[in-house]
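Chemist: Fit chains W and V to the known structure of chain B by using the hints.
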Amino acid sequence: MIIPPETLAELRYFQDEYIAAIDDDRLEDWPRFFLEDALYEIIPRENEAMGLPAPLLRCENAAMMRDRVASLRHANIFEQPSYRHFLSAMIVTGADESGIRLRTNYCVLNTNVEGSSAVYQTGIYRDVIRRTEAGWRFAEKRVIYDTSRVQTLLAYPI
Amino acid sequence: MIIPPETLAELRYFQDEYIAAIDDDRLEDWPRFFLEDALYEIIPRENEAMGLPAPLLRCENAAMMRDRVASLRHANIFEQPSYRHFLSAMIVTGADESGIRLRTNYCVLNTNVEGSSAVYQTGIYRDVIRRTEAGWRFAEKRVIYDTSRVQTLLAYPI
Amino acid sequence: MIIPPETLAELRYFQDEYIAAIDDDRLEDWPRFFLEDALYEIIPRENEAMGLPAPLLRCENAAMMRDRVASLRHANIFEQPSYRHFLSAMIVTGADESGIRLRTNYCVLNTNVEGSSAVYQTGIYRDVIRRTEAGWRFAEKRVIYDTSRVQTLLAYPI
Chain B
1 MIIPPETLAE
11 LRYFQDEYIA
21 AIDDDRLEDW
31 PRFFLEDALY
41 EIIPRENEAM
51 GLPAPLLRCE
61 NAAMMRDRVA
71 SLRHANIFEQ
81 PSYRHFLSAM
91 IVTGADESGI
101 RLRTNYCVLN
111 TNVEGSSAVY
121 QTGIYRDVIR
131 RTEAGWRFAE
141 KRVIYDTSRV
151 QTLLAYPI
Chain W
159 MIIPPETLAE
169 LRYFQDEYIA
179 AIDDDRLEDW
189 PRFFLEDALY
199 EIIPRENEAM
209 GLPAPLLRCE
219 NAAMMRDRVA
229 SLRHANIFEQ
239 PSYRHFLSAM
249 IVTGADESGI
259 RLRTNYCVLN
269 TNVEGSSAVY
279 QTGIYRDVIR
289 RTEAGWRFAE
299 KRVIYDTSRV
309 QTLLAYPI
Chain V
317 MIIPPETLAE
327 LRYFQDEYIA
337 AIDDDRLEDW
347 PRFFLEDALY
357 EIIPRENEAM
367 GLPAPLLRCE
377 NAAMMRDRVA
387 SLRHANIFEQ
397 PSYRHFLSAM
407 IVTGADESGI
417 RLRTNYCVLN
427 TNVEGSSAVY
437 QTGIYRDVIR
447 RTEAGWRFAE
457 KRVIYDTSRV
467 QTLLAYPI
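Sequence order for the protein chains is B, W and V. The C-terminal residue of the first sequence carries number 158 in the numbering used here, and the numbering is unbroken. The C-terminal residue of the second sequence carries number 316 in the numbering used here, and the numbering is unbroken. The C-terminal residue of the third sequence carries number 474 in the numbering used here, and the numbering is unbroken.
Just so you know, nobody snuck in bad clues.
Far from chain W, some chain B residues (derived; all Cβ distances over 10 angstroms):
{"id": "1", "residue": "27"}
{"id": "2", "residue": "28"}
{"id": "3", "residue": "37"}
{"id": "4", "residue": "50"}
{"id": "5", "residue": "61"}
{"id": "6", "residue": "62"}
{"id": "7", "residue": "80"}
{"id": "8", "residue": "95"}
{"id": "9", "residue": "113"}
{"id": "10", "residue": "114"}
{"id": "11", "residue": "116"}
{"id": "12", "residue": "134"}
{"id": "13", "residue": "137"}
Distance windows between CB atoms, simulated:
{"id": "14", "chain 1": "W", "residue 1": "313", "chain 2": "V", "residue 2": "446", "range": "47 to 55 angstroms"}
{"id": "15", "chain 1": "W", "residue 1": "187", "chain 2": "B", "residue 2": "4", "range": "23 to 31 angstroms"}
{"id": "16", "chain 1": "W", "residue 1": "163", "chain 2": "V", "residue 2": "446", "range": "14 to 22 angstroms"}
It should be emphasised that the hints constitute simulated quantities derived from the structure, not laboratory data. If you're wondering where the values come from, they're calculated on a predicted model, not measured in any experiment. Each residue gets a CB set at the ideal place from its N, CA and C atoms; glycine is no exception.
This is chain B alone, in the form it adopts within the complex:
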């Protein structure tokens, strides 16, 4: 479970590329960060703690993520989110043949249509990341959020 510092730096950069793609509204790039059979889900902390299912968003492969992006692009969205993600506390929690396990604090600040910026959501990422010939990819990304008032914008990737 010793991860060389160069690998840690690469993983950090990979996470930075991931959040930059969302924040720059390059949603079409979002599924490309995942393996084809990757799991992506957004789940409230209470459910995670109690082992309950009921995620607010669950994609069981990258095709479902591409569908989600297509829906978002064609939906009549009342208020387009304007996110800025910030990450901290990215820690290795395990490593085996399935990949490297990471936990990372995230927060998303959002600026609403009136131009006011505020904390929108906090939580942690629980990721499994695997090296492929094309670079690092998420085999699993579980977004476990603390904040309960997140309904309206939740269709968006975090």
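Modeler: Chains W and V only, in chain B's frame:
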């Protein structure tokens, strides 16, 4: 005072482990980040600037930190904090036989019992960090906070 | 356009030094992060997106930045800002003889005179950074902000 980049990366990771332990509610691990005779204190910026004492929390060694954790675990706490720390601007400000001196911006976002997330506290860490056989340890950690409305939760480590 | 990881680490540290100088109120150091003929501007996102000029602050060289600092030091400022910057998602977007291009998420949390801390501004930095004999320097720093309620404090560097 030239710190090799590998060492900086290690110090950054050490800080990330520290905040992850607090945010994941592994408070029992908190004193383990310190040398046995380490100083930990949380002090308002005004007092720091004026050289006044009167910290809001002061532990003069790791034993006092363990006591603090035991108290927190047994206390009847009205509202359990739910922190997410974020760090930035970690800069080396000195290095000698006592250790490496760092200043780091921190913010803590908190999610209250209603599930609403907001900025709870901002400030800087002024740390002295020393390498031991068991890894890096704080010889001194001074938490100098900007925010004055922090009383109720202040018993918790930052 | 392959940037070695050591260089990325240096650029990250350079950005951290930049924000620490502002947050520690060492404004006199601020122009020293720039080449003498560097461009610095703070511009609202809408204007950037539409290719409009009208930045809220524009310095076309370091001399203008030094003037700006002198003005700020002598001005009768109603409410001194107390900033904490946080950076994330620092991504290389290009590299050529003019320097390395980076985009970086920033947020600034501010603590007002009553001691209350809140999100003050979010946005991105679009930087061109060049290596000189004296170290890294900004050839260009464009601060593109999301938040529209930023007028009163805008004279300050971000």
